[in-house]
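Chemist: So the protein sequences, as listed, match chains S and Y. Under my numbering, the first sequence is numbered contiguously, ending at residue 282. Under my numbering, the second sequence is numbered contiguously, ending at residue 1282.
These aren't lab readings, by the way, just hints derived from the structure by calculation. For glycine and all other residues, C-beta sits at the position ideal for the given N, C-alpha and C. Fair warning: there could be bad hints in the mix.
[Claimed, not checked] To list a few chain Y residues with every Cβ distance to chain S over 10 angstroms, as calculated: (1) Gln1021; (2) Ala1023; (3) Val1034; (4) Thr1051; (5) Arg1110; (6) Thr1127; (7) Ala1131; (8) Phe1135; (9) Ala1153; (10) Arg1162; (11) Pro1171; (12) Lys1175; (13) Leu1182; (14) Asp1275.
[As the list claims (entries may be wrong)] Have a look at the derived ranges for each label pair, beta carbon to beta carbon: (15) S:Glu79 - Y:Pro1215: 50 to 60 angstroms; (16) Y:Glu1245 - S:Glu79: 32 to 42 angstroms; (17) Y:Ser1049 - S:Pro225: 28 to 38 angstroms; (18) Y:Arg1069 - S:Tyr137: 40 to 50 angstroms; (19) Y:Arg1069 - S:Arg7: 36 to 46 angstroms.
There are 2 protein chains.
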Amino acid sequence: MSHAIKRILDGNAVASRIKEQLAPRIAKLAERGVTPCLATILVGDDPSSATYVRMKGNACKRLGIKSIRVDLPASTTTEELIDAIGQLNEDKAVHGILLQHPVPHHIDERAAFEAIAIEKDVDGVTTLGFAQNAFGYADYPSCTPAAIMAILAHYELPVRGRHAVVIGRSPILGKPVSAMLLNADATVTTCHSRTENLADLVRLADIVIAAVGKPNFVQGGWIKPGAVVLDAGYNPGNVGDVDYEACLAKASAITPVPAGVGPVTIATLLKHTVDAAEKFGA
Amino acid sequence: MSHAIKRILDGNAVASRIKEQLAPRIAKLAERGVTPCLATILVGDDPSSATYVRMKGNACKRLGIKSIRVDLPASTTTEELIDAIGQLNEDKAVHGILLQHPVPHHIDERAAFEAIAIEKDVDGVTTLGFAQNAFGYADYPSCTPAAIMAILAHYELPVRGRHAVVIGRSPILGKPVSAMLLNADATVTTCHSRTENLADLVRLADIVIAAVGKPNFVQGGWIKPGAVVLDAGYNPGNVGDVDYEACLAKASAITPVPAGVGPVTIATLLKHTVDAAEKFGA
């Protein structure tokens, strides 16, 4: 029986480290008269989305980043949303633009994402931003995938040559995190709703990324002893995609929910906004 | 012992079918006074590249597609190459642009690829073209990955839910074919030079894509009985990436080299050129 110490990967610690490194950069920008500014667009009144947006706004405030919030009614059309994005693209005081996902079903979300100017796409949602990331030279990789890579790096968990199994293939999570792990020299298997024998595949993984959007989906019996488990899920009630206690029993390291990937995602968003302000700040 | 018939996947047959479907479209364009035109740029005097370019030119000619060949010396700079691409971008009579890979080492190939206008990127080499493909809505996916998908479709080999193992992660082959297989609902594992236990992973595959660029690299002992093997290799001397006889003994279906993926790649390039001429032909 192994007596290895279980490592709970502390997202708050990783986020704090990222924010500490931002503080002097923000001070330096202030000397030049530049305040980094993130504009967040929220369409409709989904309560969880409103919570995330508020959390992001508070995180900006605490760090001295300006946040602008654009609230649009649920009845907003794709064209109206694209117009609103266009105005933020034009606004020189805005360095980053975040369109809170998901938008109401009648809106063409992909078209709206594409309307974000690449130099303000701090959440890495545009098609071009995705591909730059897949080719390993993006300025702003999608924030949740980048947060997952930051946690692995912070805890010096090896990636090169390891087999990573990603459960999920969304354009803002499963696909970009698969690309980033591949670029970091992992062997990457991307699974999804059509995957057969999912449990058997996950059992092969040295690194498991849960990005499926189903509460407590990943079972303890799927985890190879000693694997690293990262839970990018954010289901209602602060529940992850991983059956935490069961997976904790098998894993060598695991992220909890809350206080795992979530806070690092927000810190990454702030970092990208500061990056953008340094590059394009007037 | 299994008596299943081995299927040799005939690339010439698939290519012929694609070209047959192009003939009436080219005739219709002619009525409008439009001749589809592919411009190919060859830098330096690599003999295999010269052969590929000649084969593509001949294939165009036989079908009534105009081909322009731009030969540049090995000493061409990145800037000069980009200038040459810019001229072809401006030329309304040119519908598709192909930069023959590889270019000499001193040239920034990625920068040159990016200089190709997206609407003329019939080989799917731009970053934006790659991402559109990864998101499932590209006009012109990279030709070799598209050829692999065309062979699977032609022979009605099932992809959904199957486990595909791709060996290779280049931006024009391994990465886009992984994306296309994923979008076709395969579970996809992408392997590469840093992969540990490669043979064990390939043994899991229902579909094996060899895109590694090493002659006879994939061994018969790596193939699960009944797997489908597609060889995208094109090594000197017309040798594939797969040890053909050994893998043939295990596979249910396999592409030979030559007369496998190669001719379908060329037919796909012609198809994309005709697509572009229909869209943008004056």
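Chemist: Decide, hint by hint, whether the structure agrees.
Modeler: Cross-check of the supplied hints:
no.	hint	verdict
1	Gln1021	holds (29 angstroms)
2	Ala1023	holds (34 angstroms)
3	Val1034	holds (29 angstroms)
4	Thr1051	holds (28 angstroms)
5	Arg1110	violated (8 angstroms)
6	Thr1127	violated (4 angstroms)
7	Ala1131	violated (3 angstroms)
8	Phe1135	violated (6 angstroms)
9	Ala1153	holds (17 angstroms)
10	Arg1162	violated (8 angstroms)
11	Pro1171	violated (6 angstroms)
12	Lys1175	violated (6 angstroms)
13	Leu1182	violated (6 angstroms)
14	Asp1275	holds (19 angstroms)
15	S:Glu79 - Y:Pro1215: 50 to 60 angstroms	holds (55 angstroms)
16	Y:Glu1245 - S:Glu79: 32 to 42 angstroms	violated (60 angstroms)
17	Y:Ser1049 - S:Pro225: 28 to 38 angstroms	violated (50 angstroms)
18	Y:Arg1069 - S:Tyr137: 40 to 50 angstroms	violated (31 angstroms)
19	Y:Arg1069 - S:Arg7: 36 to 46 angstroms	violated (59 angstroms)
Checked against the numbered hints above, the structure breaks hints 5, 6, 7, 8, 10, 11, 12, 13, 16, 17, 18, 19 and satisfies the rest.
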